[in-house]
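Peer 1: So you can see what is in the structure, the chains are spelled out below.
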Amino acid sequence: MIDGTIEALLAVTLVASFAVLVSPDRYAAKLATALSLLPLAGSLVMWSGFEPAGNALVDGESAIGYMSQVEWFDLGGITLQWFVGVDGVAMPLVVLTTVLTTLALVSAWTPISERQSQFYGLVLFLEASLLGVFTALDFFVWFVFWEAVLVPMYLLIGVWGGPRRKYAAIKMFVYTNVASLVLFIGFVALVFGLGDSVATFGLPEITQALRDGVAPDGLPGVGAESLKLFAFLAMFVGFAVKVPVVPVHTWLPDAHVEAPTPVSVLLAGVLLKMGTYALLRFNFTMLPDIATDLAVPIAVFAVVSVIYGAMLALAQTDLKRIVAYSSVSSMGYVILGLVAYTTIGVSGATFQMISHGLISGLMFMAVGVIYNVTHTRMVSDMSGMADRMPVTVGIFVAGAFGYMGLPLMSGFAAEFFVFVGSFQSTVLPSAPVFTGAAMFGIVIVAGYLLLAMQKTLFGEFRLDTDYEVGRAAFHDVAPLFVLLLLVIALGVFPDLFMEMIETAIEPVASIGGGA
Amino acid sequence: MTGTTPFAFEFAPAIAALPFVSFLIALAFGDRMPKGGALGGILATAGSLLLSLWVFVTVSGGSAYVHDIHTWTILDAGGALGDVNLHFGLLLDPLSAMMLIIVSLIALLVHVFSLGYMNDEGETGLPRYYAGLGLFTFSMLSFVMADNLLQAFMFFELVGLCSFLLIGFWFREDAPPSAAKKAFLVTRFGDYFFLIGVVGIIATFGTSRFAVVGDAAAAAFPVEAAKVLGVTEGTATAVIPGGMDPQLWFTILGLLVLGGVVGKSAQFPLHTWLPDAMEGPTPVSALIHAATMVAAGVYLVARMYGFYLLSPTALGIIALVGGFTALFAATMGVVKKEIKQVLAYSTISQYGYMMLALGAGGYVAATFHLMTHAFFKALLFLGAGSVIIAMHHNENMWDMGGLKEKMPVTYYTFLSGSLALAGIVPFSGFWSKDEVLYEAFVHGLGTAGTQGTLLLVAYAFGLLAVFFTGFYTFRMVFLTFHGEPRSDTAKDPHGVRWNVKGPLAVLGILAAVVGLVNMVPVKKLTGANIDFLHKWLKGPEALKAQTSVAHYTDGDTSLLHEGAHYVAGTLAGGEVGTVLISAAVSLGLALAGAGLAYRLYNVPEPVEHTDKLGAAKDVLYNNYYQDEFQVFLAERVTMPLAKAADTFDQSVIDGAVNGVSSVSLFSGRRVKRVQTGLVTNYALLLTLGFLVLLVAMAATGGWF
Amino acid sequence: MAVPAEYYLVLSAGLFCIGLAGILTRKNALMFLMSVELMLNAANINFVAFSLYWGNLTGQTFALFTMALAAAEVAIGIGIILVLYRNFGDVDVTDAVGMRW
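Chains as they are written, first to last, in this note's numbering: chain A, 1 to 515; chain B, 1 to 704; chain C, 1 to 101.
Just chain A, with the same shape it has in the complex:
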């Protein structure tokens, strides 16, 4: 059965990517931006027409929107298939991807001047891969897209990046690729353990088999429980690198610092969400019993990520590194929400993925706009930027407060849901203590962002790099403004996504054992 919607979305994006790749450099920017409006419009149409009905993995076919499922060929007991669709978790992420890609493309107009057609083409290819990751419902399809993301990312950092781009690109590639290998082994072992109980790599089928209590004891000499534990740990490690969770986070700051602005936007805005999305889909949906057993250590990792990431951000002197480490901190909240295993907590974690995507995108873009004119990102190199770039700085300040979790912006909504959810968790022992500890992040985040703003944006104007500083171009500021409006819109009307998310999360969290 082929629905065609998601195929069309992916095909349009891919065709756009190739069209831009072969177009002349001077048209590439405008052409790519114009073409990226197609998947954007497509995803919005999908979003408006989507009726959430449950979790794609737990509830199966009835909960999947725009579903396509076609058998491909048989691989000795396991049938490979093309299987895509969305539910209340995937749909917001698809919209996030298309929105951020278009805005990132616009933000690339100023900084990217070389090999333009290749740059824009690769960004669109990245978008197609990301859409594939969020819509795939078969492990094989999913894994192909998951790995495909790395290729454009590697090139985008390695070719258009800063001075240490090769180091950063290789580190990112090798680190995440090793992680993919680990998770692949874990998952495939689990599927082989299930043996004849499953006929495909379809995620709903595997999820339902596991949740119905089928013991994965098909591997000789390996007990079902230890196989589940092994699979959980392998997948957790694999996804934790992508999130990233402390202590496997060090590729992120390097990648961010070297990546050009639009790539940073997509890296922080969407790529990190692949990790948390996969954690939710695989670890927490498929193996709830292991996840609840390991709640305490995972929560410790979450809290450490939040506090330690924030402390690292406090010590940085490069604006991009500050935002990069604060991403580590923010993603810790997602992990905390997931491990809470309550509908509110897991939904809040999902909402935080969207919210953080928008806000971190906004922050990276704002830093990028300042970098475009100052050619430096060092806090010590400038002060009083508000004097010269009032609009940009105004949005920067608004975005920073969004990052600090100012109410009526999406960050507060997301963090608040996570906190309420984790506070009332019955899965996690001493949940209020963990929640309270993680919440201290909101004080540190205010500390480092306010400090950085005071030093760079306020005070008397000074710039050590001797560039002429004028107001930013309209097309530099416009995407910032759009993102700010989206952040506020989601902060005031979280139900734009929250209702949908809760519908999809409720089956996961309720079976997971949380209150």
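No lab work stands behind these hints: they were computed from the structure.
There could be a bad hint or two in this list.
Computed list of chain B residues with no C-beta within reach of chain A, every gap over 10 Å [unchecked claim]:
#, residue
1, LEU24
2, GLU338
3, THR450
4, LYS612
Covered stretches of chain C (in silico footprint by chain B; criterion: 3 or more residues with CB under 8 Å from a CB of chain B, positions within the stretch not fixed) [to be verified]:
#, segment
5, 12-24
6, 88-100
Straight-line distance between alpha carbons at most 30 Å, and here's what the computed DSBU-like set of lysine-lysine pairs gives [as the list claims (entries may be wrong)]:
#, chain 1, residue 1, chain 2, residue 2
7, B, LYS643, A, LYS455
8, B, LYS535, B, LYS227
9, B, LYS406, B, LYS337
10, B, LYS523, B, LYS535
11, B, LYS404, B, LYS612
12, B, LYS337, B, LYS404
13, A, LYS166, B, LYS643
14, A, LYS166, B, LYS672
15, B, LYS538, B, LYS523
16, B, LYS672, C, LYS27
17, A, LYS30, A, LYS166
18, B, LYS501, B, LYS35
Keep in mind it's a predicted model, so treat the numbers as computed, not measured.
All residues carry an ideal CB built from backbone N, CA and C; glycine is no exception.
On the provided structure of chain A, position chains B and C as indicated by the hints.
Peer 2: Same frame as chain A, now just chains B and C:
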């Protein structure tokens, strides 16, 4: 709601919406408008004031109102709590109606005053200024009308943002951005605890409503908590973590929320941001850092007073913190040189009184003092603003002197505010401060055990602070307005216009007379029924039955006794005697302080007497080294910790990652040497490998 | 069956070892080619011997294949040696060691 909704309540959302519109207009079109967007702000706040008055009249008629405006989201909490409705709503009752008038009136006056202070002084960036004021007024009014704790928290944070933006208005200088950062960060630290409290309350009760009006379709958390403790009848659902004792848990929740209150209302130990916040424009100080935003903390405690009344421990802590802060800040105020610094410490001290009143069970007393203080302190700040205009933005009192003759309007209104602040009869401050101290005194006397002792200690702090208040207030008055001019600018001050004098006159009259709405001592002495505010806050009988908030204010009859175990006691001479003694002592101390100031500073050529303080002088000048302590925490503890974490991250964690790559590269460099390029070597290796394989297979295959 | 199979195998092994020793010890590329020929023929002897032993013609067919292969190999080998000589002025294999780390 029973019956039809009064018309005024339908319009209530506009009270907040009008300033929001003025914010948007000032932001978008301010630089193309005359007066930089001020007129829009004035019109909007005037509209808010009129609507607030209308609401006030309607509430006086015996109506109250709870209404959900916008459902933020509905969370599925599962279990006993079910769906948790998080929303924005309105709660209009006597308390919020009164606060609405205070906020919108002062906002209006400050907008007018800003014409003189900002526009006439030729400041740039006015659209930003008026946008900030508009956003602040919107947030503050929304906070006041909030019908649930979550909404209150949200706007509590938003007023913090506006405070940040307005303190840092002059961002090109160094000090204002730093002060703005400090203000936000210190209050954020308090809000951290507040947020845990909000989360905890929602996770415990499944609601964060303050009150239920009309039929109890929805639950309110103070009411539920009272039921859980058995103070009132009824069954309640509450999920208490870890099987904790409900009493203990509610105390913890109350104290967590109190964290935000201590931060926002600048109570010890989070008071340090307020004096620094004086870097902002003076009208902002009047509006935000004296009359309204700082009051948000106290207002919040009053708003959820029914919850605090269930926890004697929390109340005791509130009283002690309040009393201590009142004294502590007052002592720092006596040595300051800048006029706004004196006022800042005075503000901290006065909010200490309100906290003392709340902790001592004086709900009406605290609210009363909140109101009188809002008027007289806004007046004093605006008066100081007028002086600062006259002095060409020199704030040092030692450069002033003799301004009395040159600016009579400012002088007489400032004097009115000072008399109110010092608590001299019959100015407003006397009545409210006296009631605060009286409540603390009688409840301290009557209540048994530690609880009573605690109140008496807090009362003693408060009483002592009265003396210092009288002293620093009149030191300020005498140094500024009396004696001979001590500088050239003071000899020939800059004139001020109607837009400065007008607001001063309005507030000057209010500061003098507003105390008359609640003359409790006179009532107790003569039996005349003139404690209007008491009656009004309690509301008419109809309202009392209708709103769940009303019964908190009922004095000794209900929660105050059942929940907090407070009992009123008296000295010899019964109630009348106690009232007289209490009033006489506080008035006497105030007069003593003022008299000392008169002797020391009301001379043509006053000199600093601070050297007589000896070692205490340095301590007071340095604010008990509280700032140094907090800077130490930030710079000497947190930053090195962050740097250490960074070093650890770069060397150990990233070192391990790079180590893996180095080991791979190193071993690769070694192993590759096998490939010599000599065919013979390869052939040898091939042969040896084959032999090894052969031997191994032979060994395992059992050929030997 | 005058000659037992073992004799053929010993002959083959001996031949193979001579070839191997040639490859491992000689530097001259032509000697290499010859040694390889010896080793191939050692294999051929085995094929033929077992073919006879089992009465199965497949082994002899394979021997023919091997001879064709050996011819082709020599043709290519000589070509390589010619290029080697042209480039290095010698047919010493230890000179051509460029293809390494």
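Peer 1: Any hints this thing doesn't respect? Which numbers, in order?
Peer 2: Violated hints: none at all, because every hint is consistent with the structure.
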